[in-house]
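Visitor: One-letter residues, chain by chain:
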Amino acid sequence: MTMERRDFLKLIGAGVGVGASGALFAQSSGQRVVVVGGGFGGATAAKYLKLKNPGLNVVLIEPNRQYVSCPLSNEVLGGEATIEHLTFGYDGLKKRGVTLVHDTVTAIDPQARKVTVSGGNTFTYDRAIVAPGIDFRWDAIKGYDEAASHAIPHAYKAGAQTTLLANQLKSMKDGGVVIITVPEYPFRCPPGPYERASMIAHYLKHHKPRSKIIILDAKESFSKQGLFMQGWKQHYEGMIEWVSGSKGGEVESVDVATRTVSSAVGNKHPADVLNIIPPQYAGKIAHTTGLVDPKGWCPVNVRTFESTQHPGIHVIGDASMAGAMPRSGYSANSQAKVAAAAVIASLRGVPAGEPSFINACYSMIAPEHGISITNVYMVKDKQLIEVPGAGGISPMDATPEFRKLEVVHAKSWFRNVTTDMFT
Amino acid sequence: MKMKWKGWALAASALLLASGTARAAPTAEMLSDPCAGCHGTYGNSAGTTTPTLANHSKQSLVDAMKKFKSGERPATIMGRIAKGYGDVDFEAMGDFFSKQKFHAANQPFDKKKAARGAELHSSNCARCHLEDGKEGKDASPVMAGQWLDYLKIEMGLYTSGKRKMSDEKKEKVQPLSATDLEALLHYYASVTR
Ligand SMILES: Cc1cc2nc3c(=O)[nH]c(=O)nc-3n(C[C@H](O)[C@H](O)[C@H](O)COP(=O)(O)OP(=O)(O)OC[C@H]3O[C@@H](n4cnc5c(N)ncnc54)[C@H](O)[C@@H]3O)c2cc1C
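Chains as they are written, first to last, in the working numbering: chain Z, 1 to 423; chain L, 1 to 193.
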């Protein structure tokens with residue numbers, strides 16, 4: 001940690017003093033942090049910046065006035081939640097003193113430390129936190145581009161896409177075939193596609209019991225696989241077929257008109273309802289800003305989540321490369337707190353402290369059958385790793401009461417994490 | 001300035017060595033903030049089945065974490081999480097949460113049951129769970145204003161024998177009927193401060 005003279009003078013200008021604890025601190029009034037994106041990462045970051053340092057000027061830029069959560073969106077397909085349950089506004093953050101700008105960031109100039117929005121306004125920053133989530137690689141699957149997604153949903157950004165998929169399931173005939181395609185890693189929410197298959201199966205079992213679900217997967221295994229397979233056998237025997245990459249699961253092209261998937265080995269799979277989960281990379285603004293590596297994700301210093309490509313910009317959530325942490329809402333929430341603390345430390349001119357993280361992901365297999373995966377993370381030798389001996393998945397031999405408890409805890413988690421973000 | 005920061009770093013690492021932890025120690029706040037995803041900001045839970053941790057006594061939190069870690073106390077997920085930390089971390093978290101302001105859960109309860117529960121509390125529980133169950137003595141957690149759904153889950157674990165009761169607790173709890181216990185929990189749910 002070195003401090004340049006210029007920064008030191010800035011500190012003096014901002015009023016440096018010695019706190020009760022004897023630590024060097026700088027009053028931060030007037031210092032501005034711009035947060036790009038108001039999802040799990042960005043909303044949490046804006047809140048925690050204000051919570052820990054109310055004097056900061058925090059500007060949150062997010063195009064939508066309402067955020068629709070992906071977590072619990074699979075439950076909408078199963079009839080266990082509604083879109084209203086998943087929709088949140090930004091009034092709570094405004095009450096905390098966060099300045100909301102509902103616009104899209106079109107450019108970030110890391111040298112001038114300046115953000116431009118589509119309306120043309122610009123915002124300078126002392127530090128920026130960028131949390132744009134993911135975008136889809138529309139060039140990866142032949143025939144499946146953004147226009148095609150209006151007929152064949154990805155439903156991997158919640159909202160209108162979720163409703164589209166739910167409606168297609170509702171109008172499907174009994175005995176129909178639902179196909180879900182899953183890309184190679186990395187993608188957001190590793191258990192998401194399999195929770196989705198479970199929730200769709202739950203809906204079909206009660207409304208269209210002769211129907212089938214086929215999962216065409218580019219991979220050879222998947223998250224919480226044993227637990228999912230056990231649950232499928234218990235609740236949806238014979239309804240869900242999982243096809244791994246080497247058995248023909250890898251998708252090459254999609255014919256929109258006939259809702260047909262062609263696999264890399266040449267098999268054709270016609271579907272009545274088709275859900276394509278496309279390959280992903282960091283949200284577009286990360287690309288235009290030059291924050292991504294050749295694979296399209298943002299490398300960061302995992303102690304602070306500051307970009308290794310552009311100092312002064314921290315990247316959190318799905319867009320970042322966070323070592324052993326999966327891309328999840330919980331991870332983004334946890335990383336946001338580390339980044340907020342690092343930003344505050346840096347504005348005070350003190351070194352960032354040692355970080356600590358948690359991730360937890362609940363999945364609902366049936367209304368009374370929940371499972372989870374969790375871990376605690378630390379940084380060692382500049383790598384973000386799982387704390388050895390901790391974490392893991394729900395036990396295979398759990399009782400029905402245990403599975404039922406994990407459903408209520410999942411709902412409790414959702415209440416807490418969204419309250420932690422938006423109030 | 002460069003020298004100065006090096007000095008800081010040296011002092012910090014000397015401290016770490018002295019405390020004997022395997023990894024550099026995150027602050028109490030840094031260790032505790034990730035818990036908010038499930039337990040609410042600063043430990044005030046907004047979800048009905050995950051307990052509020054704010055204002056628990058330090059000892060009660062440390063004790064709970066140690067028992068989750070060893071498996072002595074049954075859990076759906078806390079066992080897996082507690083294994084990620086050491087005793088020093090538990091102490092830090094205990095310090096942190098014990099100092100947070102408690103917000104009683106805003107929840108419906110049955111008035112009649114709560115009134116009956118109030119009597120049972122003073123006859124059976126008040127000796128250890130002080131001040132109307134508001135403040136935990138030693139290792140007893142805050143119960144007043146805690147979520148009713150959570151209290152029911154834990155009481156279920158006690159009565160089914162999955163969670164071990166101290167002899168003192170057993171003596172007071174075992175004579176109570178299921179209706180009595182339910183009344184008692186409604187009483188705690190009714191106490192706000
Ligand atoms: C079906 C499904 C189920 C899931 N279930 C779970 C679950 O149970 N638990 C869990 O932990 N995670 C779950 N996830 C994963 C979770 O949704 C993501 O990991 C999480 O949303 C990542 O947070 P983020 O802040 O990185 O991105 P997001 O939450 O996607 O937020 C990004 C925000 O940035 C905004 N934005 C993008 N570009 C710009 C720009 N140029 N200017 C301004 N704003 C911009 C967007 O509008 C958006 O609001 C699930 C995901 C899916 C798809």
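It is possible that some hints are incorrect.
[Claimed, not checked] Taking lysine-lysine and the DSBU-like style, the derived pairs with C-alpha atoms no more than 30 Å apart in a straight line are:
| # | chain 1 | residue 1 | chain 2 | residue 2 |
| --- | --- | --- | --- | --- |
| 1 | Z | Lys382 | L | Lys83 |
| 2 | L | Lys101 | Z | Lys52 |
| 3 | Z | Lys404 | L | Lys169 |
| 4 | Z | Lys94 | L | Lys101 |
| 5 | Z | Lys208 | Z | Lys157 |
| 6 | L | Lys99 | Z | Lys52 |
| 7 | L | Lys111 | Z | Lys404 |
| 8 | Z | Lys404 | L | Lys113 |
| 9 | L | Lys83 | L | Lys66 |
| 10 | Z | Lys404 | L | Lys83 |
| 11 | L | Lys134 | L | Lys113 |
| 12 | Z | Lys404 | L | Lys170 |
| 13 | L | Lys113 | Z | Lys94 |
| 14 | Z | Lys268 | Z | Lys205 |
| 15 | Z | Lys404 | L | Lys162 |
| 16 | Z | Lys52 | L | Lys58 |
| 17 | Z | Lys52 | L | Lys66 |
| 18 | L | Lys172 | L | Lys134 |
| 19 | L | Lys66 | Z | Lys404 |
| 20 | L | Lys58 | Z | Lys380 |
| 21 | L | Lys67 | Z | Lys404 |
| 22 | Z | Lys404 | L | Lys164 |
| 23 | Z | Lys404 | L | Lys152 |
| 24 | Z | Lys95 | L | Lys101 |
| 25 | Z | Lys382 | L | Lys111 |
| 26 | Z | Lys295 | Z | Lys233 |
| 27 | Z | Lys380 | L | Lys67 |
| 28 | L | Lys134 | Z | Lys380 |
| 29 | Z | Lys52 | L | Lys152 |
| 30 | Z | Lys212 | Z | Lys247 |
| 31 | Z | Lys247 | Z | Lys173 |
[Stated by the list, open to error] Stretch-level coverage of chain Z by chain L, calculated; a stretch enters the list once three of its residues show a Cβ under 8 Å from a Cβ in chain L:
| # | region |
| --- | --- |
| 32 | 142-152 |
| 33 | 328-336 |
| 34 | 352-358 |
| 35 | 388-400 |
[Stated by the list, open to error] Listed next, with one range per pair, are the computed distances between beta-carbon atoms:
| # | chain 1 | residue 1 | chain 2 | residue 2 | range |
| --- | --- | --- | --- | --- | --- |
| 36 | L | Lys101 | Z | Thr399 | 36 to 46 Å |
| 37 | Z | Pro388 | L | Glu72 | 15 to 25 Å |
| 38 | Z | Arg210 | L | Glu91 | 33 to 43 Å |
Everything labelled a hint here was simulated from the structure, so no lab data went into it.
The beta carbon of each residue, even a glycine, is placed where N, CA and C say it ideally should be.
Visitor: Hint by hint, note whether the structure agrees.
Guide: These are the hints, each one checked on the structure:
1. Z:Lys382 / L:Lys83: holds, 22 Å
2. L:Lys101 / Z:Lys52: holds, 15 Å
3. Z:Lys404 / L:Lys169: holds, 27 Å
4. Z:Lys94 / L:Lys101: Since the Cα atoms of lysine 94 (chain Z) and lysine 101 (chain L) sit roughly 22 Å apart, the hinted pair holds (cutoff 30 Å).
5. Z:Lys208 / Z:Lys157: holds, 26 Å
6. L:Lys99 / Z:Lys52: holds, 16 Å
7. L:Lys111 / Z:Lys404: Judged against 30 Å, a Cα distance of about 28 Å means the pair holds.
8. Z:Lys404 / L:Lys113: Holds. Lysine 404 (chain Z) to lysine 113 (chain L) sits at ~26 Å (cutoff 30 Å).
9. L:Lys83 / L:Lys66: holds, 9 Å
10. Z:Lys404 / L:Lys83: Holds, at about 23 Å.
11. L:Lys134 / L:Lys113: holds, 19 Å
12. Z:Lys404 / L:Lys170: holds, 27 Å
13. L:Lys113 / Z:Lys94: Violated, because 41 Å separates the two Cα atoms, which is more than 30 Å.
14. Z:Lys268 / Z:Lys205: holds, 26 Å
15. Z:Lys404 / L:Lys162: Status holds; Cα separation ~16 Å.
16. Z:Lys52 / L:Lys58: holds, 22 Å
17. Z:Lys52 / L:Lys66: It holds: about 29 Å lies between the C-alpha atoms, which stays within 30 Å.
18. L:Lys172 / L:Lys134: Given that 30 Å is the threshold and the Cα spacing comes to 19 Å, the pair holds.
19. L:Lys66 / Z:Lys404: holds, 25 Å
20. L:Lys58 / Z:Lys380: Between lysine 58 (chain L) and lysine 380 (chain Z) the Cα gap is close to 29 Å, so the pair holds against 30 Å.
21. L:Lys67 / Z:Lys404: OK: lysine 67 (chain L) and lysine 404 (chain Z) at ~23 Å, within 30 Å.
22. Z:Lys404 / L:Lys164: Within the cut-off at roughly 22 Å; holds.
23. Z:Lys404 / L:Lys152: holds, 14 Å
24. Z:Lys95 / L:Lys101: holds, 20 Å
25. Z:Lys382 / L:Lys111: Outside the cut-off at roughly 56 Å; violated.
26. Z:Lys295 / Z:Lys233: violated, 37 Å
27. Z:Lys380 / L:Lys67: Holds: lysine 380 (chain Z) and lysine 67 (chain L) sit about 27 Å apart, inside 30 Å.
28. L:Lys134 / Z:Lys380: Measuring from Cα to Cα gives roughly 41 Å; hence the hint is violated.
29. Z:Lys52 / L:Lys152: Between lysine 52 (chain Z) and lysine 152 (chain L) the Cα gap is close to 35 Å, so the pair fails against 30 Å, i.e. violated.
30. Z:Lys212 / Z:Lys247: holds, 18 Å
31. Z:Lys247 / Z:Lys173: Judged against 30 Å, a Cα distance of about 28 Å means the pair holds.
32. 142-152: violated (count 0)
33. 328-336: holds (count 3)
34. 352-358: holds (count 6)
35. 388-400: Holds: 5 residues of the region 388-400 of chain Z have a Cβ under 8 Å from chain L.
36. L:Lys101 / Z:Thr399: 36 to 46 Å: Distance hint for lysine 101 (chain L), threonine 399 (chain Z) holds at roughly 37 Å.
37. Z:Pro388 / L:Glu72: 15 to 25 Å: holds, 22 Å
38. Z:Arg210 / L:Glu91: 33 to 43 Å: Since arginine 210 (chain Z) and glutamate 91 (chain L) have Cβ atoms about 59 Å apart, the given range 33 to 43 Å is violated.
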